[in-house]
Every structure is written in structure tokens, then in C-alpha cells.
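Q: Here are the chains, one letter per residue:
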Amino acid sequence: MAAIFIVDDEPMLHELYGEILEMSGHDIVANAYDGDEAVEILKTMDEPPEIVIMDHRMPGKDGIETTKELLKINPGMKIIFASADGAVKDDALASGACDFLAKPFPVSDLLLEIEELIAGS
Amino acid sequence: MGKARILIVEDEAVVAENLEMVITDAGYGVVGRADNADDAVTAASELKPDLILMDIVLPGTKNGIDASCEIKEKLDIPVIFLTAYSDLTLVDRAKSTEPYAYIVKPFQEGQLFASIEMALYKSQIEKRLKESEAKFKDLAELLPQTVFETDERCNLIFTNRAGFDCFGYTQDDFEGGLAVIQMISPEDRDRAKENIDRVMKGDDRGGGEYTMQRKDGSTFPAIVYSTPIIHENRPVGLRGILADITERKQAEALLIESEERYRILVEHSPLGIFKADTRGNIEIANPALLRILGSPSEEATRQVNLLTSPLLIEAGVSELVKECMEKGESLNSEFLYRSKWKKEIYCNLFLTPVYDTGGQLSGIQGILEDITERKRVEEALRESEERYRRMVANVPGMVYQFVLHPDGSMAFPFVSESCRELFGIEYNELMRDTNALLDILHPDDHSGFYRSVADSAKSLSPWEWEGRSIISGDERWFQCISRPERQANGDILWDGLVMEITERKVAEKRIEEEYRRAEFYIDLMSHDINNASQVTSGYLDLLLRMPEFPSEFRKYVEIALNHVRKSSNIISDVKTLSEVQSGEAGLARIDIYPAFASAVETAMSQSRDVEINSDITKDRYFIRGNAMLFSVFSNLLNNAVKFDRHDIVRIDVDVSSSDDDRYWKLEFKDRGRGIGDHYKNIIFNRLERAGESAQGTGLGLTIVKYIVESYGGSIRVEDRVRGDRTMGSNFIMLLPKGG
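So the protein sequences, as listed, match chains V and S. Residues 1 to 121 (this note's numbering) make up the first sequence, in order. Residues 1001 to 1739 (this note's numbering) make up the second sequence, in order.
Don't read these hints as lab results, they were simulated from the structure. No residue lacks a Cβ here, since even glycine has one placed at the ideal position from N, Cα and C. Errors might be hidden in some of the hints.
As the list claims (entries may be wrong) - Just some of the chain V residues that point at chain S, by a computed CB distance under 10 angstroms: (1) D8; (2) E10; (3) E15; (4) M23; (5) H26; (6) V29; (7) D55; (8) R57; (9) I80; (10) A82; (11) S83; (12) G86; (13) F100; (14) K103; (15) P106.
To be verified - A short list of chain V residues far from chain S (calculated; beta carbon distances all over 10 angstroms): (16) E37; (17) K43; (18) G76.
Only chain S is shown next, with the shape it has when bound in the complex (with noise of 0.2 angstroms):
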């Protein structure tokens, strides 16, 4: 500290000069004198000085002790009394003032300066005293917790501002006295007095968990620290701090719910859950776990370690854990384990490595999920995708996937590999580029492609196309046979299969062209060789009827005749075969009274006594047939003509429904010489055994088998009396109903 600056209050001339010059000369600085007690204080507040050496009595009605109150009153500066032995009297009053000290004149230089010295040094420690004070007051006012202080019977004497707003008191009830005890909700009173006692004797810091009381009764949680108040070795009283833990109780709450809810969690996760220590002691087992792994029990699983099962080195899980600590990473991966539980079980393993809050490596903890089913449906999967590709690849044809977005443009999403042997393209270029196949579309074919897949969008019914692609040259034919599907973008895909057709088209046309030749042979027969036996017959004809012929040829040129009309009966009968057979003539219901009636008066123009008797009557019977069925009628009339050789032709035509109803059953009987079982069949099937020799009967009954079938009706034969063909036959036909 510098040079102290002293006021000098001395009403005695004399004792002020000698009193300056001894201070000045020891060093100190005399900043003013003043010589009574109303200029003093004025003097004290315009020159704030260190100290002032304060006379007690001076003139005038004020004497030194109140112009020392007076500056105390405003100023902090120490005072200093002088006074003559007589005067000690006013010391006392003085005392109020707290002077520093008290010097009887005549002074003693040494007393001076030693009371000067410490007047000053005891003024400095009470202005810091002071500041600290107010510091930490004003500390204790700012803070968000309760401080107080009480007094050795648990009276408060001291609480700052949070107290007051904490528990709603005010500075009245204060002052009227507040007893800790009141401030804490009864439940907690005697529990908080005995850990007061055991605080006093100093053997608790507290921070005691407490319900505290308001002044209007309700309560919170707080949490109090306290310390006693020694004085003189002895507790006087309690200071302390008092938080409230409302908030914190709150999130201790939370934390043990969310807890609950991780237990929870974990107790029923599906997943399998543990925690093993470094030494790969299980130590936690969630359920899931144990019934993933077959085991009985937690305490069971909790003997499995996961660094030295044998089980669980051999399966690789060991080396997983191993790994997991060493690196302190967390790491997955997939096992097939088969558990010492016997049960075999694919898993998926995460692990996570454990620390402490040290940050110690403490262990691991795992999660492990059963994909035993997930594989052994991948499984299936794998091997039904193989047996599909197998399928796809083997195919005689390409299997493919087009697809037709809403703006036109078309895809091949996928196609077989057989696009390389079908078109010689590669099945991934086709996949990237459409027009690779469309660009070899047959010119003649484009516009019935691009129609037909247009057609079957709209319809959504299957596509099936055949048509012609041009592969290194050559000609190629394709049969598409796919069916469409909407897809919710709009697009149209369709699933399908292409099939090379080159053969067979070459084939049908290799037919059709069979089929047009033969045709022309008929249509040469029924119009040239019928021409030709026209002039034959016609000349023959005129032959016998010239007067002049010689009578006893006549027989030759009518043995002639018979047989130039027999060629040409047969001309007349394939064509008739070819007619049936090309299904040119249509079915529609037909009486089949008329074409009967017809063929029985053919049969019956023959020069021989005929008597054909039937139930056959107009209008009755209808089938679904055509013009045809008189061919059918009377062929076998005709037949049965034929082969009797009786004087009198008889021939019985009997008519009945079918036993289903369905069907006309028209049996023709004759009298004729019997067919012998071999040919029972061989002689409906003519064109079938060409070559064969068919026992003469000539095309008639295969005619009449393919007239019969193409209505959906059949034929046989029977002999006429069961187990005798010598009595002649009877030809069985079923002919479909005409409604």
C-alpha cells in the first residue's frame, strides 16, 4: 500500500501542527485538518481519506464521536480517537462507532504510529471481509438451489431468494421464525431428524433424499446437503443446500420405464439375446435364445462359453467373438450350429462389443436370429428356379417375356437361351434391343404381327401367331403362342413360347398340295373318264339297238356296258370319299325319311324281285346330317341286293332309339351269303389297308363309314342270326339326333 492519507481533526492549533509534522515525517501524507466535527465530515467525504485521527472533543455542539457517526454513516473510513485522559468518560459512546483505537494525548510517537499501522491494516482486512461477504451473499442469492442456515435448535436464520420461492415463504414468516422440521412433509420428519442429529455431530455431509413441504402443503422431492456450524468446537446451528429433484425424479422415472420396456423387449423379442463377459461366459440369456438354441434353461445356456465350445468352434461362432473383441467392431455373419441341444439351426449372428464406463472392454453382447426357415425356403427356391431354368432351357422353343408399354414401344424382358439356335441372336442382345428380332420379321409378315399383338392387348386373349422371319437367307417359320397380362403401370406382358414351324409348314404345304393334285385326278375322272365312258357306253348302247346286231352277242357288249357303268359308280364313290373327308358339306337337321325312301327305290329299280320292309317313316326321325346320307342308305341296300341269292331279295330296315337316347339305331337285315368275322372290320376301312385285298365290295362301306362318322354316328356288323353268318348280316348304325 502506498503513502496512507491521513485528516487530521484537532481543534487545538498547537496539537494539529505538532501533530502533522510528526505523522508527515514518518512517512504518511497529511491530506487536510479540520477543527471541528461539521467541517470534518466534509472534509472526510471531499478528500476520502485512509484514516483520520479524530479529536473527541471540539467546539461547537458536535463533538468528534458524532462526526465520526456521521461519516460512518457514509463512508467506510477508520477513525482514529485522540483524546485527553480526562475525556475517557466519552469512550464508551465512542465505542458505538467502532473506532479502531483510542490514543490519550500526550501522545507517544510509537503508540501513534502502532495504532495508525494497525488501524489501517485492520481497516483493509474489514473492507475485503466486507467484499468477500457480499460475493458470496450475493452468490448464495443467485443460485438456483435453497442455501440456509439454521440455528442449533433447526430455526432458519438464513435463506436466500431461491429458499423463498422454493417453498413460497416470505421474508414476514421468516422474520416470525420458520423451523426446518415444518419445511419437511411429515411422512419424512423423523427420518430427517435423526440424520439432522447425526450431522450436528458431524457424523453425515447428508444429501438426504427428502419430500419437502410448501407453505401451502403441497410437496416435491429435494435432496439436501448440510454441513453444522462449528463454533468454539462446538455445532451451533446448520448450513446447507437444498435442490429440487423434481425433474431428475422425473427422468429416473423415465429411465426405469424405458428399462421396463427394454426388459420387456428383450424377454419377449423373437430374436435370441445374450451378453457373455471376455472370457465368453454367457451371462444374460433372453428366452428367445434358449428356444433357438433347444436348451432347458437360462442357467444351462449360462454354462455354454462361447470361446471354448467345441460346438461353437466348430461352427465358427468362436473365431466370430474372438475377432468381434480384438477389433472392437461390431460384426455379423451366418452359421449352420448345431446346438448341444441337438438341434440343428442356420442363425444369423450379430455381435457388438461391451464396454464399461471406463471404457474397458467388459464383453459382448449378441443377437441371433434363427433363419433355420429362411434358408430351407431359399433352399426351395434355389432349386425350384434351377428346375425352372433347367425347364426354360430344355424347352423346344424359346420362352420369353414381351412386353408392350402404354407409348407403343415394346421389350423382351427376358427370353431363353434357345433365341441363339432359333434366330441366331444372342438372347442378352435381344433382351437389350427389340428390333434385333423385328428387323427379321418376313416383310409380307410385319403389318399381321404388329395387328395381332395389338389385338390380343386389347382383348387381353392369347396371342398365337405363326409367321416368317428371314435367318441368314433362308425362310424360317415361327409359331408365338403366349398369353397377355395388364400390369398396373400399364403395361401389357405376355408369357410365352416360340416354336420353330419350318417342318410342318413345309409339310402342310406339302399336303395341300398332295391334296389339290388328288383333287385334280377326281375332277379328271368325273369329267374326262366320264366323257370317254359316255362315248363307250353310248356306242355300245347303239350297238344293241341296231336291228342288224347278231342276237347272240348281245350278252358281250352288255357284260361291256355293265362294267364301263361300274367304273364310272366308282369314280362317282371317290368322289364322294373325297367330299367326306375334305368336310366340305355341312351338318344341319335333316329328315332322314327322304334320302331312304330314294335309295329304296334305287334298289328297287334293280332288275330283281325286292321287298324291303322298314319302320322308317316321314317326319319322325331327324339327325344332324347332309345330302350324303342317301349314298349311305343306299350303298348298303345295294350291297344287301348284291350278295342275296334267293329268288326274292328280302331286306328288313328296323329303326329305335339308342339305349342313351342320344342316337337313331337303324339296323339293315338282309339274306345275303355273311361276312366272316376277319372282315367284319377290314371292310369299312378300304382306304386304310390299300393294297389289301378287300373282297370286292368296292369303296361302298368306307364311304359309308366316313359319311357315318363325319355326323358323329358309327357303324358295325353283325351276323343277321347270332353265331350263323351263312343267314346273312345286319349292319348297325347309330346316327346322332337332330333335336
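Chain V extracted, bound-state conformation (with noise of 0.2 angstroms):
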């Protein structure tokens, strides 16, 4: 079981998220729709989440830029990088994100990279 925080400008996927997770036993502890959100809402977080799925593109910040801010403000935390746009891979793994999806990926594929990261930690 995990604590995890969305960010995401698309607020179908924060629903979908949502569904898939909690229906597999995990916390969603918060929903940021844009990266200065996200690192708002970090700060004024009591405990931190543990796991972050990250979007890339969103008004503001890109999601490369967020995972910085806030791998800064809490370097524990792993965040899976989920974007449609396949080139920025390599930046955001190099940004800190501990795993990349390529939307649209399989459900069974962020489940199962949840597992492996909470099993990992």
C-alpha cells in the first residue's frame, strides 16, 4: 500500500488514477492539476507521499521541472513519469523520475511498476 500524489492537467486521468488505484489498495493523497500546485501543496504536505505520477505537459511548469522542485523539496520520494510524448524519456529519467510510461500504457503496467518501487524502498 502506497501514498500516492497525482499531478496532472488532465482531470479524466486524475479520476482514472483514482479508480485504478484505490481499487488496487493504494492512497491517492493528493491531486495537483499544474507543476507550481504540486510544489505548493508538497510544502504544505505533514507527510510527504511516496510515490508521484508525474505528467510532462502542463501549463506552467513541464513535469521535468516539477519533478526537480520537488525531488528538492523531498528527495525520498519516487515519482513515475507518465507522458505521451515519448522524446522526453531520457530528460525526465535523468530529472530524478524513477520510471517512465508512455501514455497510453496498460493499467497493469503502473500497477505493476508500483509494486516493484514499494517493494524496492
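Using the hints, put the two standalone chains together into the complex.
A: Written out as C-alpha cells, the structure reads:
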């Protein structure tokens, strides 16, 4: 079971991720719809999330920048990058993300990844 | 003559008185009387009488003759002796004083007056003669030529100072006797003797030229004019004049030399030279003239008459000859002339009238220059100029010369007429005023223009510039291409062409806009559609994960999921294709193996039994490529898997070096259903044949082709087993080796 923070500008994905993850027993501890909001929310959280699902293209800061800032605040978090743009995979991993999922990905891939991250920590 | 003044010398006073009375009565004047010799001499020198009447017998030691002698020595006064008959014996002695008369006392008046008159007359004549002699002697002495006289045996009896100077003889030599013949050079002596004889006989006035010989043996050329001296009808000698003609001879030699020079000039002149008389008959024609006219000889040429030859009349030459003679002026003109000897020549003819020494027109002199070759070159030049002019006028743009002076000023030495069409400026206005063009430059392009001109001037590299001008309010684009060249005076001169590219620029702008729009669409698809697909596939996944979902409907959900993934694959392909086409991905030396290995992995991960046999190994096969190589391999392998209906999919991938060693040749051999000959090309060209049915292979092979070609390689498909397509396909790829 993991505490998960979802950062994505698409509300439908928040819902989908919510359904899938909660069905699998994970907790969605926070939702942010752009990078700045994500940073603000993380700062106010007493208990930081274990896992962040990070979109790339959002209004304002992009996923890579946001990943860097979030990790600066809490380096212990695992960040799963989920983007439709496969070209940013290398940059995303370089910025500190643990894994990259190219949208659209099968739900099973996401769940498998989370399981691995939990097991790894 | 006025009244003669007479001095009377007579010791007998009566005689003297009587004499004076008689003379005075006769109208003469008596200036004085003396009665002895000394007084007589004194009176003569003081009174300077015109005549002295002198008694021979005088008192004292000196008589009248002595007095006369003394007077004669000092003065030139005529003396008439008076003598008694008994004194006649003295007369002989008196003769030496050259008296004018003797009068015997007692004298008769008539005889006295006659003697006085005669003496006065004779004295006057003598005086004149003496003056004249002196004059001629002075003249002879002053003459720069040698003046001489000889006796009948040709011994020199007189010569002037010039004679002495000229021959180097002295007065002593002269007095010792000089024969004329020894003053002539030995080789000329015989001839001289003959001529002298002729002159003596009066046959010849001389004027002969001889080589003369000086005392020191040196010689000089001279011309001698002589005439016989006749005395009592018989030649007694020669009188003559001799002139040193060394200078004349030198001048003559120079003249001959100069004539020779002119003769050589005329003979060798490349210009035709001729002379003709007033009737048009050619008298002289030099070799060049014959050559120009194609004439066989000077003789043949001389038979041509300048005024009557039909060919010359036709060419207009005769007219010019006539005009030259009539006007007496030098004229020249160019002619096209076909000579009698069938030579067609363009010539430039100069004519000058010639006059004889009397000033009478004696003919014309002509110089003929063959300008056929020059005319031909001129004609060719004119044609070539015309051709270039036409070319320059018809070039689609403005041809120009642009110059940058060392002081930074600029000018257009030449612009073609298209200037008007392109810029609305008259070409001559632009050549006069460069600002006419600089002023209409788009303000934003000003600095770029000057900078690029300066760069080109500095590096002398071709000047290529694109920029805008504002012409009647419209923005127009121009492209200038030109090549600079440094001139000797420091100018930089560009020859070039300016073309209007407004349409191209508009098209380029449109293309750019469309490219951006395409990017936008791709971006939209890859982001928004993928997000939407994620939602769709996510929920479909969710459905399948629900235990209560009826199993009989699962396959429908699976089909839907499959197609959602497919649509996302299409988006990914389009993105890849766009990246390949935009050339964004650079090339580098890469190993084929990693991309191949991961493509194999992808192909094997499908839910089929797949067997891939390959020679491709790590660190062995390098090409010039990029990360897209993975797309190439995965497209080929996935297609092979997809179309292979066998239980076990088997794919062979062979690698070898191309025949020319420049490429790695990769062969992907499958056992699929094969590709019909008609489709063997089409399958790679989905983009060019948009709209046509392309057998549902998607964009995959099109992407493969674009990527391979972007590497400088190629791809084609053949039947795996030649002639039997059902045995599967062989995709053959050549990829340039990467060192």
C-alpha cells in the first residue's frame, strides 16, 4: 500500500488513476493540476507521499522541472513519469524520475511499477 | 669736279708768276707756290693740291724728281713735270715717279691745259681703280672660299687668306712657287689636268668636284669653278674659286642613308604604299600593296588605273582619288574592295596630293591599310556584344555591376533595363544616383545590407543577399547574387544578378505556416489524443480487471483496447515521420546492434512463437544513423510477425558488406504471405500516394524508407524465393557504413 500524489492537468486521468489505484488498495493523498500547485501542496503536506505520478506537459512548469523541484523538497519520493511524448523519456529519467510510462499504457504496467517501487523501498 | 687746286713748284719767279696767271685765268685755283724741293714736299702734304706743276731743275741738292718721289711715297697727287728742252735727259729718271705728263718750256697754253685736264682725269680714274681693286681684294680676302689665280702653266700667282687656311700653306711656300696640280689628290690629277686644259680653251666653266690635298697630305672634297684669264686674246692663266664641300658631302651621305632607310621602310612596310600620276596611273607599288591586293607583280599592279578601273569605281576609291586631287587635301576613308585578283579586303585608304618643285600637282600618294581582320574582329565583337546585350536584357532579373570605392561610397556603373520592371527606377537614373535604390531598401534590412556588402568586400567571397524593398507601398523581396573582384585602384567591383523572389518568399512563408500547423496537429494528437486514449484504455483495462465483468464480453473489450493502442501507434508513427522529414535528428556513428536487439525484444514479446535468426552482433556493424534506427528494425520485424501465419514465426536477418564495400547490407527474410509485384514499390510510398489504398500496413514502411534515406541508404523488397511470392518477402536494406 502506498501514498500516491497525482500531478496531471487532465481531470479525467485523476479520476482514472484514482479508480485503479484505490481498487488496488493504494491511497491518493493529493491531486495537483499543474507544477506550481504540486510544489505548493507538497510544502503543506505533513506526511509526504511515497510515490508521485507526474505528467509532462502542463500549463506553466513542465513535468521535468516540477520533478526537480519536488525532489529538492523531498528527495525520498519515487516519481513515475507518465507522458504521451516518448521523446522526453531520457530527460525525465535524468531529472530524477524512477520510471517512464508512455501514454497510453496498460493499467497493469502502472500497477506493476508501483508494486516494484514499494518492494524496492 | 669743282675747280682744281694746283700747287706750282718753280724756282724762276717770273715763270712761276706767269704760270699762275695763265692757270688762274683758265679757271683753276693756285693753292700755293714753292721754289725748292723741300718746300714743295711740305706744301703738298699741307695743302693737298689736286695737281702739282713741278719744275725738274730746282735749286739745292734735290730737284723736282726727288720732290716727286717723296710726295708719291706719302701722297697720291698727280704731278706734271715742267722742263727746259735741255733737261730732257732727266726725263728718263722722272719716269720712275709715274708722272702724268711732261711739258717742255716754254710751253704753249693749250698744251698745258690739255695736260692738266688729262692728268686730273687720269688721276681720278686711277684713284677709283685703286679703290675698286682694294675693295675686290678685301672681298677676296674675306671670302670663306679659296680664291685663286694661276699663270698659264698653272702655278699659283694669287690666293686669298681662305686659300692659305684651307690648304695649310704659308706665304713662304707661296713665294717659293706652288703648282695647282700638287694641291690636288693624286688620283684626281689626270682628270684635273684635262679639265684645266678645257677651261683654258674656254670650253668649260668648271664646276668640277675633286679631292684636294693639303700641305700635310690630308684630303678634302671640293668643288672648283674657274675661268681663263685672257690677255690679248690668249689665255694667260686661270682665275677661280674653290669651295670645301665636306659638309655637303656629309649631308649627301646622310641623304642617301635616309633615302635608303625610307626605301627599306617602304619595301618592308606592312602598309600598302603607292604613288600615281594625275591621270591615275600607278607609278610605284610596294610589296605590301601587292600582297594586300593579291597582285602577282608590281608590273601587274601598275596596269590598274585608279580613275578608270571598274572595281575601284564601284568601291568608291576613284571618287576619293578625284576628290583628293581636286581639293588638294589629304583624305582617308574605309572601303570594302574586291581586287582584280579576287581578293576581298576591307581597307583604310589614306591619300595625299603630291606636288612637283614648281608647285604643280603631279599626282597622289597613297597608303593602304588592310583592316579586314580588324573588321572581322569588330564584327564578331559587335555580334557578341549584341548577344550579351540581348541576354542581359532578357535575363529574368536585373544584371548589374556594383562598385564600392575605397572611400566607402558606392555606385552602379551598370544596370540592365530590367531595373524599371523590378524597382520602378529607370536604369540610367540608378547609374547616376545609387541612392535611388538604397532609399527604397526596407528599413529593417538596411543594416544587414551594408553588413553583407562589407563582409563580401572584406573576404572577396560571393555576395548573396536576400532583402526587402518598399516599392509604391508594397513590400517586395529580392535576391542578389554576385561575385566581387578587387580592382587595381582599390575599388571592389561586383558583377551580379538581382531577382525578385517575393512569390518564393510568400510560398516559403506559407510552407512554414503549414509546417507549424502540422506540428501543432501532431502535438495535439500526441498529447491530447494520447491522454484521451489513456483514459479510454485505462477504463477498458479496469473493466477487464473487474471480477464481476461477464467473461463472454471480454473479447469485445480486448478488441476495443487493441484498437486504442493501434491509434496511439499511428500517432507515434506520424510523429516519427515528421521528425525524420524535418531533419531534426542529426547523424552520428552508431552500432546497429542495440537498436536491433531491442527491436527483436519487442517483436518477441508478442503473444506468438517467434524465432529470429541473425548474424548481427555487438561492436561489429557501425553505420551513420541515429536513435530512429530502432523504428526501422521494429517496423520490419513487427510486420514480419504480423503477416506470418505459421504456428511458429521464423525470421532470418542476414548482414553482409555491399559489393562496393560502402554499405552494410541487411536482409530481413520472412515467411509471410508475400507482396505482389505491383505493391513492391507502393508499400514504401504511403505519403506520396495518400488517398490510395495501401494494403493496410500503415505508415510503418514509409517511415522505414524515410529514415533509411535520411541516412543516405536505401530499401527495397524482393520475393524471398525468386518467382514465388507466397514463400515470403526479403526486405533488403543498404545502410552507409559509419567508418
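Q: If a hint holds in the structure, say so; if it does not, say that too.
A: Do the hints match the structure? See the list:
1. D8: holds, 8 angstroms
2. E10: Result: holds, 5 angstroms to nearest chain S Cβ.
3. E15: holds, 8 angstroms
4. M23: holds, 7 angstroms
5. H26: violated, 14 angstroms
6. V29: violated, 20 angstroms
7. D55: Since the shortest Cβ distance to chain S is 8 angstroms, the answer is holds.
8. R57: holds, 6 angstroms
9. I80: violated, 14 angstroms
10. A82: Constraint on V:A82 satisfied, holds at 8 angstroms.
11. S83: For V:S83, the interface hint holds, since the closest Cβ of chain S sits about 9 angstroms away, which is under 10 angstroms.
12. G86: Cβ of V:G86 sits 7 angstroms from chain S, so the hint holds.
13. F100: violated, 14 angstroms
14. K103: Result: holds, 4 angstroms to nearest chain S Cβ.
15. P106: holds, 6 angstroms
16. E37: Given a closest Cβ separation of 18 angstroms, the condition holds.
17. K43: Holds, since 27 angstroms exceeds 10 angstroms.
18. G76: Fine: 27 angstroms to the nearest Cβ keeps V:G76 off the interface.
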